[in-house]
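Which chain is which? The protein sequence lines are Z and Y, in order.
Here my numbering is used: the first residue of the first sequence is 384, the next is one more, and so on.
Here my numbering is used: the first residue of the second sequence is 3, the next is one more, and so on.
Simulated from the structure, these hints should not be mistaken for laboratory data.
Check the hints yourself; a few may be wrong.
So the derived list for chain Y, only partly shown, Cβ under 8 Å to chain Z, looks like this [as the list claims (entries may be wrong)]: (1) 14; (2) 25; (3) 77.
Cβ atoms here follow ideal geometry from the backbone N, Cα and C, with glycine treated the same way.
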Amino acid sequence: MAGTDGDQLLVGRAKRGDRRAFDLLVLKYQQKILNLIMRYVRDQTEALDVSQEAFVKAYRALPGFRGESAFYTWLYRIAINTAKNYLVAQQRKPVEYELDAQDPEYAERNPHLRDEEDPEGLAMQEQLRETLEKAIAELPEELRTAIMLREIEGLSYEEIAAAMDCPVGTVRSRIFRAREAIEVAIRPLTDA
Amino acid sequence: MTTDPDNNPLLDEQLSAWLDDELPRAEVDLLISRLVSSPACQARLARYSLIGSGLRGGPAARASGELAALRLAGRVRAALDEPTGAPQQAAALGPNRTLSYAMAAGLALVAVLLTVVQGPLRRSIGTPVQASAKTVVAAPVPASIRQASLSSQRMTNYLVYHGEYSGLLSARVTESHIINNRPYAAAVQTTDRLPAR
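Using the sequences provided together with the hints, build the complete structure.
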């Protein structure tokens, strides 16, 4: 996949000491990793600590990364192990869904696996969800379909193109335009 | 005319595709070079990422989104900027140093055993072993190890006195050796009751 090549490119640069390349990998995957770790560690502050440690570990382990798996898969395993080690160090029991969580795709598409959340967090999540739903409802049909197929169903651009009977370039453009519109809607929340 | 990287739809579209792992490699280089120098683009990347997380209801979405995540990126950067050489060096040095000590102790033990064993062998077997034993003895041995080595007679006495700690067979072998070797038997009779020096 083209994007995986992009990751490899960044990994190659980071291995040669280009810290900015690793910064971009952090930016790209921080949300996913934070999501993942928050399934293990409930507290956001702790989850940030553990996520930071996972990324630092990954950076230091980069020389040993041979690219036999995708970078994200490798990073995902480091994150899970870091979270588990953290819980062990805290003498807390790891959550029970860890077998399912071993699969990055499965865990990502099944947010119900997460642990229970604090009321403030739930309120924030609810507000974000409402804003997102409203923004998506206001999207033109083709943009809404494209972004939902991508984000909810996890289809590749090629698969979306086949499903929507349009060129891959059009899919890319539609997904971007959908994101752009949604981003405008959620920006006030994120800037708050 | 220069393009403002903070307000460039083409760049944002590349960003969106890159987030989905769908950006052709040919475009990645250019995107990365722009992305590294634009905090605004980085923030946009985080928000794009948040959209997916929010749509899927991921728990990080509740953490005011990019907020937590952007802090995370900065924290990782800061953590990597911290000097980490010293602890890593110490950690790397630890096992090596232990290994060196273990090797030194092992060599010392071998030297002691060679010194101890050479006496009985020299007397019981004869000249050829004597020659090889001389070769061993000729090697420089630290003073501490020389002091630690026992005389062959004292070693024999030790083995006899502590025979109850060894196997029956080895005790018999030791005793038979002593009995069959008259010079040794005589030496033991005259010296084994002497107080240790």
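Verification of the hints:
Interface restraint check for residue 14 (chain Y): the shortest CB-CB distance to chain Z comes to about 7 Å, inside 8 Å, so the restraint holds. Nearest Cβ of chain Z to the Cβ of residue 25 (chain Y): about 6 Å, under the 8 Å cut. The hint holds. For the restraint placing residue 77 (chain Y) at the interface with chain Z, the shortest Cβ-Cβ distance is roughly 5 Å, inside the 8 Å limit, so the hint holds.
In terms of the numbered hints stated before, the structure departs from none.
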